[in-house]
Amino acid sequence: MINTSNDRNELIAFRIEDQEYSVDIMSVREIRGWTAATPLPQSPDYVRGVINLRGTVLPIVDLSARLGLGTVEPTPRHVIIVVHIGKRIVGLLVDAVSDILAVNDDALQPVPDVACNIVQSFLSAIITIEDRMISLVSLDKILPEEELVAA
Amino acid sequence: MDPIEEIKQTFFQECEELLAELETGLLTLRAGDGDEETVNAVFRAVHSVKGGAGAFALDNLVSFSHVFETVMEEMRSECQSQSRETFDVLLRAADLLVDLVREARGGAVVATERTTLMTTELNNCLAQNAASPASECQSEDQFEPLMEADALGFVPQQIIFDDLDGDIEPTSSGQSAQIWSIVFAPHNDLYATANDAVVLLRELSRLGEIDTVLAMDSLPALDAIEPEHAYFSWTIQLTSDCSEDDIREVFDFVEDECDLEIRRLSNDIQAAPDTDTITPAPNDIDRFDAARSELLGTDPASDALISDTRTATTEAEPDETVETPAITETPQAQQAASPQQSTIRVDLDRVDILINLVGELVINQSMLAQHAGVSGFSKEQGVGTGLDELERLTREIQDSVMAIRAQPVKSVFQRMPRLVREISAQTGKIVRLETEGETTEVDKTVIEKLTDPLTHMIRNAIDHGLETPEQRTAAGKPAEGVVRMSANHRSGRIIIQISDDGAGINRDRVLEIARHKGLISHSEILSHDEIDNLIFKPGFSTAEEVSSISGRGVGMDVVKRSIESLGGRISISSTPGTGSVFTMSLPLTLAVLDGMVITVGDQALIVPLNNVIETLSPRAHKIKYLGPHERVMALRDQHVPLVDLGHLMGLRDHLMEPSGGVCILVENDAGAQIALLVDDILGQRQVVIKSLEQNYRKVDLIAAATILGDGRVALIVDIDAVICSRQSSSDHTIRPLEQTSLAS
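Protein chains in written order, with the working numbering: chain Y, 1 to 151; chain X, 1 to 744.
Where hints are given, some of them may not hold.
Unchecked claim - No farther apart than 25 Å at their CA atoms in a straight line, the calculated lysine-lysine pairs in the PhoX-like style are these:
# : chain 1 : residue 1 : chain 2 : residue 2
1 : X       : K537      : X       : K8
2 : X       : K517      : Y       : K141
3 : X       : K698      : X       : K444
4 : X       : K517      : X       : K537
5 : Y       : K87       : X       : K698
6 : Y       : K141      : Y       : K87
Stated by the list, open to error - On the chain Y side, residues computed to face chain X include the following (Cβ under 7 Å):
#  : residue
7  : T38
8  : L40
9  : P41
10 : Q42
11 : V50
12 : N52
13 : G55
14 : V57
15 : L58
16 : P59
17 : R88
18 : I89
No lab work stands behind these hints, which were simulated from the structure alone. Glycine is no exception: its CB is placed at the ideal position from the N, C-alpha and C atoms.
With these hints in hand, go ahead and build the complete structure from the sequences.
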């Protein structure tokens, strides 16, 4: 039983409202509960502000707002997924973490052609497991775009 | 990294230090202040560079440093009495050496002609000092001796101990390596029985690392020398893990024909003289020279002498470059005499990690104190005292850690003499550079960022500040101009001054240019100070013709911006005819900041204390509307803009009523003032600066972030940006210039 680990992907699945999304487990550093963020002036609505992660100033992206699903009012039940994006560390605010998935490359299907640009630019694939549909988020576009270019 | 490459990098780092030492030493000697130790330091520097370069086969570097060393060796005995011109040549040779090191490091290639020219110049120097024929014994066979062997045809015999390494490796100094002191004084019989001191020393070198000192005190005057007698003795320091018996075995056959004393030195006492200083004193050399012809061929000891000095020096030096990058304080006999043995070299990343950790400790400590206070637990017997003690200790640790990063400004100041020499050569102005307070310490980051502005200002001071020698003489001043650079601490900041005794600022000309370039309107009447400060305006450059030295469009405005980006201020005062003084005031560190903690809505913000002028409670009748939204506040005899900080930063939708808050009068480095309206002032605190760019990006109006005692992030307000955001849009075009580098 040779498991070709090359095309094996481990993903962390999470919920935003009733939709399911996932990110590559390798980019996840930790998962922690919501704490109040310090808002940043003149920032896009999906940047909730910054929190103190053991001495590091961590920006928090409201993934719901980023994906065009509207800003959330975070409660202590909300979760921050701390991920690496390039050299940066960023917190993603989501409703709840649901699952760890192990899927093969061939289970990753292209994103169906829908009209919404936001969906197209932030998702890299979708995964179908039984009657669930889980979208794979591509992290490199999550931060405000021009800044990533400038940096 | 490749380990060899790593060692090489360490060597280059050391080269930098050595070359700086070399320059300082030469300057001291030129000024006539040097003593024997200075001469030795200068010598050691060139020698160590050569030794290291040899180990890495950096041929250009080796050959030039060899020439350099040889010339200095020739002059050594009279080093302190050399003429100023000679030192100028030596200084230029030192500059070339710096460039050669840079080349070896992968920098710009140095033209061969330059090296050749310098070599000739050095040799010419030597020709003027040709009186002393003392150096043949230092020559190495891969180089042409600069002085031909004397009339006796004495050719130094080189005995290379390294050749032996092929068959028997010297026993490596393992864990149990010890230092032995061996005093070996052969009797006449030793040579008579066909034994040879050099063979014995060679044997010793197989046991481990040896450091040999020759004693020739008993050498009589030439006419009293008995050719067949032994006059020399040696003190050998052997680092090896061998036993005393092993050493005795070397001398087994000559035990009765010499005085032998073997002592074990404990590992921590290494008062052995530095290898460079063991060269016999001048009068010994003279005696040696006189005796040489007699000894030649009859006393093998003369050969041994040559090889001894060589082995000691060439074997010792490459070792220095093999140290771990972290620690220079290795218990090596060769370094025992070096004055820098109490320093260690530490990777900057490690220090930064430590600083971050201490920053968190400070935050944690204040969180703990706050929680204990809230819960009433701190009233408990012992807890309160313990917490107070913890706070004191935390502060002390923080201060000590910050002190690790602090470095003397010497490293920047040291670069300037060369710059001055170069510019003075280009401009034909005679300049003397005086420095003061080189030991003043400031954070390493600040030092690094100071180099460019200081370079620029020294250039300006010479190019624009000082007059030509003719003009100076005509004005009744000495032809030699003086540029002074000083550093000192004043109230928690470092003050750096650069002054010149030139003509001072030509205010009419400055005004004319400023009006011509549209920096000020024609009707404006300015005070002398205001005129002087015009030179900091962007787009201002007074150079009548653009020279290669200064006046390339980036002027004092860039200097000012880079000083300001360090949280500093710069000002000028100038007196026509007697010169100008630039004064810079900089924070000692970029890692912490004294801030005023304020609240806006439910957010805490930090205002840098150095921007705060005063706090006021606003009175309704002092606040006037100017247009639909803008408000100004009457302050004594003037009106300053009133800015609702919460509204500006988008923390509230409506303008706040002034009566409900507190006003803070702030000023930026340009002297522009505004009043900030905030909810409350919580107090003053030293905060640890955390970058927002690291994980996010630059945020407008915000300089950085910090973490408060309750663990929450607070933003540090960028006062300059707040003030600029209020000013007309034309001023905004200035801001991108901040990014302009000082490349010059």
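Quick rundown of the hints versus the structure:
Proposed proximity of X/K537 and X/K8 is contradicted: the alpha carbons are some 45 Å apart, above 25 Å. Between X/K517 and Y/K141 the CA atoms are separated by roughly 45 Å; this puts the pair beyond 25 Å, and the hint is violated. For a cut-off of 25 Å, the pair hint linking X/K698 to X/K444 stands: about 23 Å separates their Cα positions. For the given pair, X/K517 sits about 11 Å from X/K537 by alpha-carbon distance, which is consistent with the 25 Å threshold.
A hinted pair counts as satisfied when its Cα atoms are at most 25 Å apart, and Y/K87 with X/K698 qualifies at roughly 16 Å. For the suggested pair Y/K141 and Y/K87, the alpha carbons sit about 14 Å apart, so the restraint of at most 25 Å is met. Checking Y/T38 against chain X: minimum C-beta separation of about 4 Å stays under 7 Å; hint holds. Given hint, Y/L40 at the interface with chain X, holds; its Cβ is 5 Å from that chain's nearest Cβ, closer than 7 Å.
Interface restraint check for Y/P41: the shortest CB-CB distance to chain X comes to about 4 Å, inside 7 Å, so the restraint holds. Interface hint at Y/Q42: satisfied, since its Cβ lies 5 Å from the closest Cβ of chain X, which is below the 7 Å cut-off. Interface hint status for Y/V50: upheld, as the beta-carbon distance to the closest one in chain X is roughly 5 Å, under 7 Å. With 7 Å as the threshold, the beta carbon of Y/N52 comes within range of chain X, its nearest partner Cβ sitting at about 5 Å, so the hint holds.
Of the supplied interface hints, the one on Y/G55 holds, with its beta-carbon coming within about 4 Å of a beta-carbon of chain X, less than 7 Å. Taking 7 Å as the C-beta contact cut-off toward chain X, the hint placing Y/V57 at the interface holds, the least distance being around 5 Å. At about 6 Å, the closest approach between the beta carbon of Y/L58 and any beta carbon in chain X falls short of 7 Å, and the interface hint on this residue holds. Given hint, Y/P59 at the interface with chain X, holds; its Cβ is 4 Å from that chain's nearest Cβ, closer than 7 Å.
The beta carbon of Y/R88 comes within 5 Å of a beta carbon in chain X, closer than 7 Å, and the hint placing it at the interface holds. The beta carbon of Y/I89 comes within 5 Å of a beta carbon in chain X, closer than 7 Å, and the hint placing it at the interface holds.
When held up to the earlier numbered hints, the structure conflicts with 1, 2 and fits the remainder.
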